[in-house]
Amino acid sequence: MTNQSDMTNYLQTFVEGMISSGVEQAVISPGSRSTPLALLLHRQEKIETFIEVDERSAAFFALGLSKASSKPVALLCTSGTAAANYYPAICEAYASHIPLIVLTTDRPHELRQVGAPQAMDQFHLFQGHVKEFIEMAIPEGTKTMLDYAYWQGMRAADTACQTPKGPIHLNFPLREPLLPNLDRTLTAEKTTEILVGKKQLSEEQLIKCVWDWQGKKGVLVVGGSHTPAEAEVFIKLAETLNWPIISDPLANITSCGKDSPLIMSYADLFIQEVDMIQHPEVIVRFGMLPISKNTMFWLQSLNDPTTIYFVDETGQWQDQLKQTQVAIQVEEQTFAQAIIDKVKVKTLDTWCGQWIHWQVTTEQLLNELSEMKILNETSASVLVHKKMAENGQLFVSNSNAIRFLDRFSTAETTYYQLFGNRGINGIDGIVSTALGMCATNPNRQNVLLVGDLALYHDMNGLLLAKRYNLPLTIVLLNNNGGGIFSFLSQRQLAADDFEPIFGTPIDLDFSLVAQLYNATYVKAESLEQLGLLLEATQKQPKFQIIEVVGDRQDNVKLYEKVIAGLKKKFEKNK
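Quick note on my numbering: the sequence shown kicks off at 2 and runs consecutively.
I should point out that these hints are in silico values taken from the structure, not numbers from a laboratory. Warning: the hint list may mix true and false statements.
Claimed, not checked - Label-pair distances were calculated between CB atoms; the ranges are:
#1 A85 x E526: 20 to 30 Å
#2 E364 x Q119: 55 to 65 Å
#3 H125 x K343: 39 to 49 Å
#4 G316 x E526: 48 to 58 Å
#5 I195 x A85: 26 to 36 Å
What the hints assert, rightly or not - Below are the DSS-like pairs computed for lysine-lysine, each with C-alpha atoms no more than 27 Å apart in a straight line:
#6 K345 x K209
#7 K374 x K570
#8 K387 x K540
#9 K217 x K343
Keep in mind that this is a model prediction, so the values were computed, not measured. A virtual CB, placed ideally from N, CA and C, is assigned to each residue, including glycine.
Please put together the full structure from these sequences, using the hints given.
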């Protein structure tokens, strides 16, 4: 057989292996060395392919596809610096446990380290940010090597999906000629069925947890990303124990459609301001810490006799507070449901009653504030949360946007899913990831809540919306710079130092950005108008930018006003 036929059979068999492990989508960054894999993926009827010329945007788009579908997604590029542009998204995928199969193509070994063009060291290119690196063999057409190619494709996708999920990197050295035999069709001679179990505790261990928790004064703390269905299980666990539940926005506790009085959505606002007469005996944490710094400070302040349990299904000991006294390495949902089934004794209402009082008091204060009734970045963020359609999808950017939701939104009865990139917490790739989310379910309401710097940082990603007609509504919070720094210690600096380095105004006309990428543009002038625009997206999704012009200092003043108001209210109750 010819080199062309051998290469075609080898690579096609690899693709069949990935398909057998659940790969249904691939994102391709065009290039020369990746030609054979790109063509075989693009012509594969079982795989939906997307083409994106900007590698950084392509990688984040693949991240969004995988986030929204909960399935492994392949990502392909040519040799050289193309693969280096995947790095930020791969770091995020590794930290947030997203199963990407990263396929980089490379010069064959005889063209490495000899000055050949577009050749660089791609061996372990992503270092500690992938679960595994595989240097693939040069394509051969023997049965042994075809079995090898199939096995590697199958194993890579399966390994990416094993707990803890994460990206796998495979590097393909390919010799010219690079065009595969497109007249040749090949179906794998075998398929592989993969049966996966879940890590569980023994009956004895479960009973001990129940015995140690039921009837005690406890708090559930849920971090990380979860589906709305998973969020319902956590709420049910809280209700079964009669404990308050504090969560990260991405845990979807406030967006799973269940409005329980035990959901402490305003914990970030009140937890440092209250006089806690009754202290917790038990803290049960699931996953990483929530975004709230005030919750983190409160957890750090806890001393004996509070017992800290950490449920960590990844087994990676991701406990930055290092307070864990009992580590439980088990599949979270299976464990939570098992506890629910066994608890017989609820904690007394006096325990959760004080927490409910703090939550209700905070809500009353927010309802009294005139600032929450006019258009600003905070009220706009809360309105986006309230106007999400049933089964809709909201992607929230890092920095201020996710903090507005964390601090000021409460549980709604609408069932929708909230996504974000909180593995590394960067603002790069936000637009592209949100578009990947949108591409997975384009018929739903898809919204991105994002700041001006994050949108600017990933403007190239908007080409994906234009090319694939992705109906993403972008709610742009534009305070002309890095608004998050106005909340941080850097705000103490003189204006001459603060503005150029941290304020970083960019002075962009985003109506022109919308025009460039064929998006509809509207500047919201009132909270009522924004509400009508968001309601319209529920019925008729489209690619659009809705701009909300804000002021960095107004955001800080509102937050400080809320904290001051809570101090007064809780002082009166002492």
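Now the hints, each set against the structure:
1. Between A85 and E526 the CB atoms are about 44 Å apart, so this pair departs from the stated range of 20 to 30 Å.
2. For E364 and Q119, the Cβ-Cβ distance of about 59 Å falls inside the hinted range of 55 to 65 Å, so the restraint holds.
3. Between H125 and K343 the beta carbon distance is about 46 Å. The supplied range of 39 to 49 Å therefore holds.
4. G316 and E526 have their C-beta atoms about 51 Å apart, which keeps the hinted 48 to 58 Å range intact.
5. Between I195 and A85 the Cβ separation comes to about 32 Å, which falls inside the hinted range of 26 to 36 Å.
6. For the hint pairing K345 with K209, the CA-to-CA distance comes to about 13 Å; that is within 27 Å, so the pair holds.
7. Between K374 and K570, the direct Cα distance comes to roughly 21 Å. Compliance with the 27 Å bound is thereby established for this hinted pair.
8. For the suggested pair K387 and K540, the alpha carbons sit about 15 Å apart, so the restraint of at most 27 Å is met.
9. About 15 Å separates the Cα atoms of K217 and K343, which keeps this hinted pair within 27 Å; it holds.
Of the numbered hints stated above, the single one contradicted by the structure is hint 1.
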